[in-house]
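Novice: Sequence:
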Amino acid sequence: MSIKDDVVRYVARLARIKLSEKEVKLFAQQLDQILAYVDKLKKLDVKDVTPTSHVMVLTNVFREDEMKLSLSKEEVLKNAPQKKGDFFKVPRIIEEA
1 MSIKDDVVRY VARLARIKLS EKEVKLFAQQ LDQILAYVDK LKKLDVKDVT PTSHVMVLTN
61 VFREDEMKLS LSKEEVLKNA PQKKGDFFKV PRIIEEA
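For the sequence shown, this note's numbering puts the final residue at 97, and the numbers step up evenly by one.
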């Protein structure tokens, strides 16, 4: 399966992401590689493999919370296509009852 540039542009438009033509070509190529890998995985014989929820045994999965620097509200909102006050403005998707 080959991802067409138009599909990448369409998905970017839905996500409200502006892409250059170079990025469109790059993402189409990367998506092709991902889909080729998924096709390989589909061909694997896994009938004798016991289903698991994790590849490795999980131990001590909890850790202490750590404070880290993040973007300021202004830095985040400067990339928003639309905003209202301190919030992202998005199209309504749920109808009122």
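No lab work stands behind these hints, which were simulated from the structure alone.
Do not take every clue at face value.
[To be verified] List time: in silico DSSO-like cross-link candidates among lysine-lysine, alpha-carbon distance up to 27 Å:
hint : residue 1 : residue 2
1    : Lys18     : Lys42
2    : Lys68     : Lys78
3    : Lys40     : Lys83
4    : Lys40     : Lys68
5    : Lys68     : Lys47
6    : Lys83     : Lys73
7    : Lys73     : Lys84
8    : Lys43     : Lys4
9    : Lys18     : Lys73
10   : Lys47     : Lys25
11   : Lys42     : Lys68
12   : Lys73     : Lys47
13   : Lys84     : Lys18
14   : Lys22     : Lys84
15   : Lys43     : Lys83
16   : Lys40     : Lys18
17   : Lys18     : Lys89
18   : Lys40     : Lys4
[To be verified] Estimated spans, in silico, between C-beta atoms of each pair:
hint : residue 1 : residue 2 : range
19   : Gln33     : His54     : 33 to 41 Å
20   : Ile34     : Val90     : 36 to 44 Å
21   : Asp5      : Asn60     : 39 to 47 Å
22   : Val46     : Asn79     : 35 to 43 Å
23   : Lys18     : Thr59     : 26 to 34 Å
24   : Ser72     : Thr50     : 45 to 53 Å
25   : Leu41     : Tyr10     : 37 to 45 Å
26   : Glu23     : Val61     : 18 to 26 Å
27   : Lys4      : Lys78     : 28 to 36 Å
28   : Lys22     : Ser2      : 17 to 25 Å
29   : Glu75     : Lys25     : 36 to 44 Å
The beta-carbon is built from N, C-alpha and C at its ideal position, and this holds for glycine as well.
Novice: Of all the hints given earlier, name the ones this structure violates by number, lowest first.
Specialist: Failing hints, ascending: 1, 3, 4, 5, 10, 11, 12, 14, 15, 16, 19, 20, 23, 25, 26, 29.
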